[in-house]
Amino acid sequence: MLVVVQLIKTRWTVPLGQRPPQLCQGTPERLSVMPLPPNGFVQGAVLHHAEFDETNAYTRPTRANLRTYSDLRHLYHNGLGLRLNTIPQLEVLLRLPEQTISTSLMQLAIGEWGQLSYKTRFGLEREATYTKYVFNITYRAYLDPFVFMRGSPQHTIHLPLEQTP
Amino acid sequence: MSLKYLLIGALTRDRTATGWQQGGTGTFAARALAAWGVATTIITPAHAKLIFDLPSTSTLVRLPSRATATFENRYQGDARTQWLHAAPTQLDWANLAPYWQQASLVHLAPLAQELTTIPPRKLFPQALIGLTAQGWLRHWDSSGRIQPKRWQPTPTELAQIDALVVSDEDVAGDVQLVADWAQHCGLVAMTQGSRGATIWVNAEVQHVAAYPAQVSDPTGAGDVWAAAWFWRIQQGSSALQAADWACQQAALQISGQLI
Numbered sequence: 001m002l003v004v005v006q007l008i009k010t011r012w013t014v015p016l017g018q019r020p021p022q023l024c025q026g027t028p029e030r031l032s033v034m035p036l037p038p039n040g041f042v043q044g045a046v047l048h049h050a051e052f053d054e055t056n057a058y059t060r061p062t063r064a065n066l067r068t069y070s071d072l073r074h075l076y077h078n079g080l081g082l083r084l085n086t087i088p089q090l091e092v093l094l095r096l097p098e099q100t101i102s103t104s105l106m107q108l109a110i111g112e113w114g115q116l117s118y119k120t121r122f123g124l125e126r127e128a129t130y131t132k133y134v135f136n137i138t139y140r141a142y143l144d145p146f147v148f149m150r151g152s153p154q155h156t157i158h159l160p161l162e163q164t165p
Numbered sequence: 001m002s003l004k005y006l007l008i009g010a011l012t013r014d015r016t017a018t019g020w021q022q023g024g025t026g027t028f029a030a031r032a033l034a035a036w037g038v039a040t041t042i043i044t045p046a047h048a049k050l051i052f053d054l055p056s057t058s059t060l061v062r063l064p065s066r067a068t069a070t071f072e073n074r075y076q077g078d079a080r081t082q083w084l085h086a087a088p089t090q091l092d093w094a095n096l097a098p099y100w101q102q103a104s105l106v107h108l109a110p111l112a113q114e115l116t117t118i119p120p121r122k123l124f125p126q127a128l129i130g131l132t133a134q135g136w137l138r139h140w141d142s143s144g145r146i147q148p149k150r151w152q153p154t155p156t157e158l159a160q161i162d163a164l165v166v167s168d169e170d171v172a173g174d175v176q177l178v179a180d181w182a183q184h185c186g187l188v189a190m191t192q193g194s195r196g197a198t199i200w201v202n203a204e205v206q207h208v209a210a211y212p213a214q215v216s217d218p219t220g221a222g223d224v225w226a227a228a229w230f231w232r233i234q235q236g237s238s239a240l241q242a243a244d245w246a247c248q249q250a251a252l253q254i255s256g257q258l259i
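As you go down the protein sequences, you meet chains X and Z in turn.
Yeah, the first sequence ends on 165 if you go by UniProt numbering, and it's all consecutive.
Yeah, the second sequence ends on 259 if you go by UniProt numbering, and it's all consecutive.
Any given hint could be a false lead.
As the list claims (entries may be wrong) - List of simulated lysine-lysine pairs, BS3-like, C-alpha gap at most 25 Å:
(1) X/Lys119 x X/Lys132
(2) Z/Lys49 x X/Lys132
(3) X/Lys119 x Z/Lys49
None of these hints come from the bench; they were simulated from the model.
Based on the sequences and whatever the hints tell you, model everything.
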């Protein structure tokens, strides 16, 4: 079984005096999982990471890479973590390192995929840089590069700006 | 608030070609430590209205400041020129609350003269104290252009810390200068970009090779290296093992894989 996590990070700046947009319009929230690992066969977990920003008008990722992991403990980002339950089921958790209690954000059965997104902000109230994080997560038998391109996620969570993990 | 990794130093507002970005040793260290599952607390002087983007694993303790440290970096290949547009208020060690004395790792990260001295060891009696001395190895002229400056710590000052990290750029490649500091500080490292790092353990020198990386953005690599080295040593690794892991994490940082 394989866990596939795709993180799409998009950054944009709101110049002084302009209204902050709700989202960076038109940037992708799902991508093909490419390039595939060299040997094609993966067990454990895959993290596909892509970043978009203003430098090329969001036409293509400014950074993109794909890494494989043997252990889910290495897939840890800003307090988000993953846990495999015996049911079997993949649980997406919000947990700070020194806390023993985790908040369960979503549970994915085999073959399902979920999308979690949130935004962060850096700067002054009227002149800020925003970063949007979109996580597409699935738990399945094999690596399908187009898994996130078909249909819609079975589970969706959008955290508001004030409740970023 | 976490006392496992306490970082004291300026978070910065950096002017780039595409707008403002958050910088400072604390920014890159906190993000890397979050990826390793480690909570941090950052004590920084910063303007009250500036909102920082830090992982939820970080707690920010903001000290009142007339300004937030504001830098501009320009890269040409591996070389960087830097300007300081605003300097924060200086921190007075006498004003630090006793609560912080329980910290188990303290990372001193001066960038813009917000810290001017190494604190006495008794201020953090239980901590491994690491210093990234970058901010004490430079000064700025009236236009804000940053220039190298000679830092001349006394043996007594160096004895207050456990580990010191500088880059070869900070010391203009003066290995002998760093080796001299290593006579008075048990653990010293000089990071050397794509050439890895040189470390001194009780004044004995060793080289650690870099990991291959496709450079996406070199910013923050030295900060990640230092955080990784301090953290691993505090967790019980040997200085050499910790330096190897630090080189690996720095390679991930510059290739954009440490997220």
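Status of each hint after checking the structure:
no., hint, in the structure
1, X/Lys119 x X/Lys132, "holds, 4 Å"
2, Z/Lys49 x X/Lys132, "holds, 22 Å"
3, X/Lys119 x Z/Lys49, "holds, 19 Å"
In terms of the numbered hints stated before, the structure departs from none.
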